[in-house]
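For chain A, the structure is supplied; the task is to place chain B on it using the hints.
From first to last, the protein sequence lines stand for chains A and B.
Numbering of the first sequence is given in the numbering used here, commencing with residue 1 and proceeding in unit increments.
Numbering of the second sequence is given in the numbering used here, commencing with residue 1 and proceeding in unit increments.
In case anyone wonders, no lab produced these hints; they're calculated from the structure.
Only a predicted model underlies this, so the values are computations on that prediction, with no experimental measurement involved.
Ideal Cβ positions, reconstructed from N, Cα and C, are used throughout, including at glycine.
Among these hints, one or two may not hold up.
Claimed, not checked - Coverage of chain A stretches by chain B, computed from C-beta distances (three or more under 8 angstroms per stretch; other residues unrestricted):
hint	segment
1	128 to 141
2	154 to 161
3	165 to 172
4	322 to 335
As the list claims (entries may be wrong) - Only part of the chain B face toward chain A is listed, based on derived beta-carbon distances under 8 angstroms:
hint	residue
5	Val-48
6	Pro-104
7	His-389
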Amino acid sequence: MRSDRRTAILIVTSRALSEAVALAALAGILHAIVLGRDPIPMIATTLALFGITLVLAALLRERGTTRQSVGLVAVVLLAWVAWGMAQPARSPDGVATIARLIGFGILGEVHLWRALGVARGLQRWREVRNDALFALAAVVVASLFQGPVDRDAFTVLGLAVACSGAVALSLARSQEELALSTAQVRGRQTGGSATGTAFALGILAFALALALPSLEALVAATGRILGPLVSDVLFVILLPLGYLAAYLVNVVVWIRERFIRRTPEEQTEPVQPFTPQDDTERMRQIQPYVYGTLELIVAAVVVIVALLLIARLVQERRARLTEGVTLERETVDGIGFRATLRGLFPRGAVPRRAPRDDGTPAGALRRLYWRLLEIAERDGPGWRAPAETPAEHEARLAASATRWREAGPLVRAFEALRYGERDPDPATLATARDALRRVEVAS
Amino acid sequence: MLTVWRARFGEFPWVEVLVVLALALFTRSPAIIVIAAAGLVAWGIVEVTGRLALVALEVEATLEPRRLVAGETATLTVRVTNRKPLPIPWMDLSVELPDGIAPPRLPHGMPATSVSASFAPRARERVTLRFPLEVARRGAYVVGPMRVRAGDWLGFMQEERRVAVALEIVAHPAPVGVRDRHLASLRPVAETATRRGLVPDPLRFRGVREYRGGDPVKEIHWKTTARLGALHTKVYEPATSLDAVFLVNVASYDQYWVQVDPDGAELVIAASAELVRLAAEAGRQVGLITNGLDNLTHERPRSALSRGPRALTRCLDILARLGPYAGAAPETVFLKERGRMPSGATLIAVTPNLRPRLAAALVVLRRSGHRVLAIAKDAPERRVTSHLHAADVTLVVLDPAITTAEGLPRAV
Numbered sequence: 001m002r003s004d005r006r007t008a009i010l011i012v013t014s015r016a017l018s019e020a021v022a023l024a025a026l027a028g029i030l031h032a033i034v035l036g037r038d039p040i041p042m043i044a045t046t047l048a049l050f051g052i053t054l055v056l057a058a059l060l061r062e063r064g065t066t067r068q069s070v071g072l073v074a075v076v077l078l079a080w081v082a083w084g085m086a087q088p089a090r091s092p093d094g095v096a097t098i099a100r101l102i103g104f105g106i107l108g109e110v111h112l113w114r115a116l117g118v119a120r121g122l123q124r125w126r127e128v129r130n131d132a133l134f135a136l137a138a139v140v141v142a143s144l145f146q147g148p149v150d151r152d153a154f155t156v157l158g159l160a161v162a163c164s165g166a167v168a169l170s171l172a173r174s175q176e177e178l179a180l181s182t183a184q185v186r187g188r189q190t191g192g193s194a195t196g197t198a199f200a201l202g203i204l205a206f207a208l209a210l211a212l213p214s215l216e217a218l219v220a221a222t223g224r225i226l227g228p229l230v231s232d233v234l235f236v237i238l239l240p241l242g243y244l245a246a247y248l249v250n251v252v253v254w255i256r257e258r259f260i261r262r263t264p265e266e267q268t269e270p271v272q273p274f275t276p277q278d279d280t281e282r283m284r285q286i287q288p289y290v291y292g293t294l295e296l297i298v299a300a301v302v303v304i305v306a307l308l309l310i311a312r313l314v315q316e317r318r319a320r321l322t323e324g325v326t327l328e329r330e331t332v333d334g335i336g337f338r339a340t341l342r343g344l345f346p347r348g349a350v351p352r353r354a355p356r357d358d359g360t361p362a363g364a365l366r367r368l369y370w371r372l373l374e375i376a377e378r379d380g381p382g383w384r385a386p387a388e389t390p391a392e393h394e395a396r397l398a399a400s401a402t403r404w405r406e407a408g409p410l411v412r413a414f415e416a417l418r419y420g421e422r423d424p425d426p427a428t429l430a431t432a433r434d435a436l437r438r439v440e441v442a443s
Numbered sequence: 001m002l003t004v005w006r007a008r009f010g011e012f013p014w015v016e017v018l019v020v021l022a023l024a025l026f027t028r029s030p031a032i033i034v035i036a037a038a039g040l041v042a043w044g045i046v047e048v049t050g051r052l053a054l055v056a057l058e059v060e061a062t063l064e065p066r067r068l069v070a071g072e073t074a075t076l077t078v079r080v081t082n083r084k085p086l087p088i089p090w091m092d093l094s095v096e097l098p099d100g101i102a103p104p105r106l107p108h109g110m111p112a113t114s115v116s117a118s119f120a121p122r123a124r125e126r127v128t129l130r131f132p133l134e135v136a137r138r139g140a141y142v143v144g145p146m147r148v149r150a151g152d153w154l155g156f157m158q159e160e161r162r163v164a165v166a167l168e169i170v171a172h173p174a175p176v177g178v179r180d181r182h183l184a185s186l187r188p189v190a191e192t193a194t195r196r197g198l199v200p201d202p203l204r205f206r207g208v209r210e211y212r213g214g215d216p217v218k219e220i221h222w223k224t225t226a227r228l229g230a231l232h233t234k235v236y237e238p239a240t241s242l243d244a245v246f247l248v249n250v251a252s253y254d255q256y257w258v259q260v261d262p263d264g265a266e267l268v269i270a271a272s273a274e275l276v277r278l279a280a281e282a283g284r285q286v287g288l289i290t291n292g293l294d295n296l297t298h299e300r301p302r303s304a305l306s307r308g309p310r311a312l313t314r315c316l317d318i319l320a321r322l323g324p325y326a327g328a329a330p331e332t333v334f335l336k337e338r339g340r341m342p343s344g345a346t347l348i349a350v351t352p353n354l355r356p357r358l359a360a361a362l363v364v365l366r367r368s369g370h371r372v373l374a375i376a377k378d379a380p381e382r383r384v385t386s387h388l389h390a391a392d393v394t395l396v397v398l399d400p401a402i403t404t405a406e407g408l409p410r411a412v
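In isolation and in its complexed conformation, chain B is listed as follows:
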């Protein structure tokens, strides 16, 4: 009962006021009447201003930019609008922060679980607060909810409101230096010239050669034939498709649910993001398959092969939002997705390490008509290397000295 009244009237001494009021009625002493009247007036002020503290108060928040690179600073803007004609003597506002986001200059000893500000909105006034927030690590974060607290004019009551705000921000991995080691695709869609390819591109005329039996008649270069007096056939440059499907593995151990090398997984994700960016800048189509889980939805994301800025953004978002844990073994996911991969597409597997089972899966993919480039952080065992070499799977080992060096020329 007392708790209910305490919640209703805050710390106001209503019992004492009632006692003094009763004494005033019985004794009719002027001093007690004055004190009882003052108590009633104070009670009224506390009750009215306390209950009106958060009335006609609008709170909204925005976060800009919503996408950034780890290490950059975002700005959280909170607008508090007091539309009533009464001022608020004090207001405390705090916004909850997820782990990984913190104010740039955190006061010593203060936990980085929230940012807060105390101020006093006047009547019919909008207060705009801007909090700089540093996003130190790659990831997807949700900023919020907010908590607004205010009280009556005399300080006896406090009202608190929780504002359901969920501002999502995606921090892309910080750039690392990688080389663009693309392999020409085996897809029968001619998009660019290559030294070896399935399809000669009729738009890419390279020259003529002497006629050989079996050459199509339509390919005979009649002007040269007339000039030289012998049949000559047109020769075209071979062409190939510009595509790259990235297979990103975040599991660093045979038991995929155990993460033993979080730094390695981070490096893999950062290198994948850079490779995706390079591929998109080179005009290739990019797709992404991973065994990692989205940090917010806890689903396994994927991006179909596509070209353009939206595809790039989609892939980078997927990589940014990946959590540290895998949802399945990489070989299981990559082989399961085999049926959905475009035929002949180049596969670029980026992984912390290459264990025999994953290597075997890559060999299977190679045999099913894909060119496969395996990029591993740790050098695999010799037998795995030999196995991959024999199956025509290109293997590249990431050199941390190179990947962490800034300003590295991006050699194709």
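Same shape as in the complex, but just chain A:
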């Protein structure tokens, strides 16, 4: 099905991205530890690893195997070791070189193991979660690491992993819960259009990684030409935001002056009226804040896009039904958002309080009836409903099992007390007590 294929592609892409980010971050740390000179470029490395992981996973699924073969291990290890040794280092000694060899070899083995994991448990929610957490943890550790690491890229990579992970988690859970068996969640170990698309995506990503330095140079050259122009345009566009920020600051200052009394030393000179040159100068001064707002807007857009994407994805129409079962959908009236959000804070159930035994026959009878209700809740059809009379509740009990018929005298006595306001005499109380005992014995 087309929806299943799209879902599979999205999940496998997200998992490959998580693995690539994690491995790139670990490679960056390792490179810094073993006396690496320049930091490994994270974006390009991530793109390359993303492509390789996708290709590897697609090839493994195409072959229908999920085990490491000697040839595959040798190729991947050699590639990683060669790439690691090709990185520039600061006068490496023998220990650093051996450490680099072993470290990148281990990373190669990890890469192969994770690629196999992607190929094996394609759409498992738990593995999607583990991949995303592993990648985010690697990013955090790499960001904290003191050494030549390309930290600037981690902001974008972290955000990308978080967004793609959220989408993949949502899809994987739906896929798991709407599937009938684990085998369907894993998918068949053979090739298909989804595997083909993943392979193509992997090749594209790898090519992009190779071309990234040239692209960066092109973008930098273009930026040098268009940068000032774009900067001015952005400045004009975002100027109202600057005024808005200034207005908010003035409001805060006014509130502060209005409600917080200041000492005479804190009194300042009255502000002189601004000239147009002053205005321009002030705008130049707050320009960094305006660009900070731009970043916030970008982040908010990313969050909104992610939410919209999740909302669209949860418009799920798939259903897994056994043979012969039919499903129909129809639109109905509903409640609004406010009423829905009220459901976040449900009213707590009023705790039941047992009647107080005040030593009177009435108090004793109430305690007996309370005990009957407790037994009914524990072993029978349940507590008496608010709209149910004791007799109706007794009928419900008796309909469920014959042993509840023993409770008749107790219920009659309680009704006489509750509705007839007749205090029970000792004989009635004894009968009620016997009735409860019989119910307890039968229970």
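Same frame as chain A, but now just chain B:
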């Protein structure tokens, strides 16, 4: 403590998010700030959508038909209405089934203890699911309760609700071929003509005969008397009551609490149901007394002598709901109920076997003014047969070859 938090937040890594948040506050690293913010946003989404998953969700179920014949298929209809403006990414619904009810085409290896479906209700949408259920065996069953499970948008939390549904369904026994072997009643209520009876029915004029001393004067046929010149008396057809009280025994052994022949008990119940149906179709009043127990209430049911579709339904329901075990010995129950039987009513005892004590009870009933027809699955001992014959108790042995043959003509 950890379990409580796990139940509260599901599988969400809240500890890790808090650690990253603390790191972000201390280090002010942009990447860590972004990850911490993403973690907080994800936590919010999980918390809100998880807690709202089952809010404004209505689940109701119906089962049609509520009465059917064993082997037929009922339809369980479940309506799930999501009234909130948020979709539910996945929902799992399962309805518990009692032993004896199963989906018609059960997937290989799946137990028939429940039917389930997984789907995704959209915002303000009602999903109607129809499950065909095959009721293979006679009995009274309760379908339910239901279990509804859903989760948050990212899959970390799961909410489950148990919907208390108890849908009762009664499967009547599958029809078997039996002959309607009714005996005329000795009740002094004239309802139909018979060859022998206590009461001549004045509405059923048969003819005249010569006058005999002692004939009532009001019965003299004056026109014939005038024409023939001699006294003639009117003659009427004798009449009897149309009734049948069925005494159904499900015990197949002297120790009534031991069931050694469940198939025999089933055959007895199925034959009784068919005989009751035939009797009702013939316009007779029917009643039912049994030593069996209701499968759901565990009480010993009975139906008073009555006529019409409600009486028939009541009797068939009793037979359908009978469990395989008896609550008392048949002779004890039948003799205990003697005082509540209409005087002179025809008793039809249907039993897996006729042991001496039950035969003796039937003889007692015969002597107390009832006509008794004993229908047994197994042929009784010779002395029991002789005893019954001597006491004018009619005995019929069910022939399995006949009772299981379909399309058997129902001879009166």
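Is the listed coverage of the segment 154 to 161 of chain A by chain B valid when you require three or more residues with a beta carbon under 8 angstroms from a beta carbon of that chain?
holds (count 5)
Tell me if chain B covers the segment 128 to 141 of chain A under the three-residue, 8 angstroms CB rule, please?
With 6 residues close enough to chain B, the hint holds.
Per-stretch coverage check for the segment 322 to 335 of chain A, three Cβ contacts closer than 8 angstroms to chain B:
Coverage by chain B holds here, the residue count being 14 at a Cβ distance below 8 angstroms.
According to a criterion of three or more residues whose C-beta lies within less than 8 angstroms of a C-beta of chain B, is the segment 165 to 172 of chain A covered?
That given contact holds, which follows from 4 residues of the segment 165 to 172 of chain A lying within Cβ reach (below 8 angstroms) of chain B.
His-389 of chain B as chain A interface residue, shortest Cβ-Cβ below 8 angstroms
40 angstroms, violated
For the restraint on Pro-104 of chain B, tell me whether the closest CB of chain A is nearer than 8 angstroms.
6 angstroms, holds
Using Cβ atoms only, decide whether Val-48 of chain B comes closer than 8 angstroms to chain A, and label the hint accordingly.
At about 7 angstroms, which falls below the 8 angstroms cut-off, the nearest Cβ of chain A leaves the hint on Val-48 of chain B intact, so it holds.
Comparing the model with each earlier hint shows a violation of hint 7 alone; every other hint is respected.
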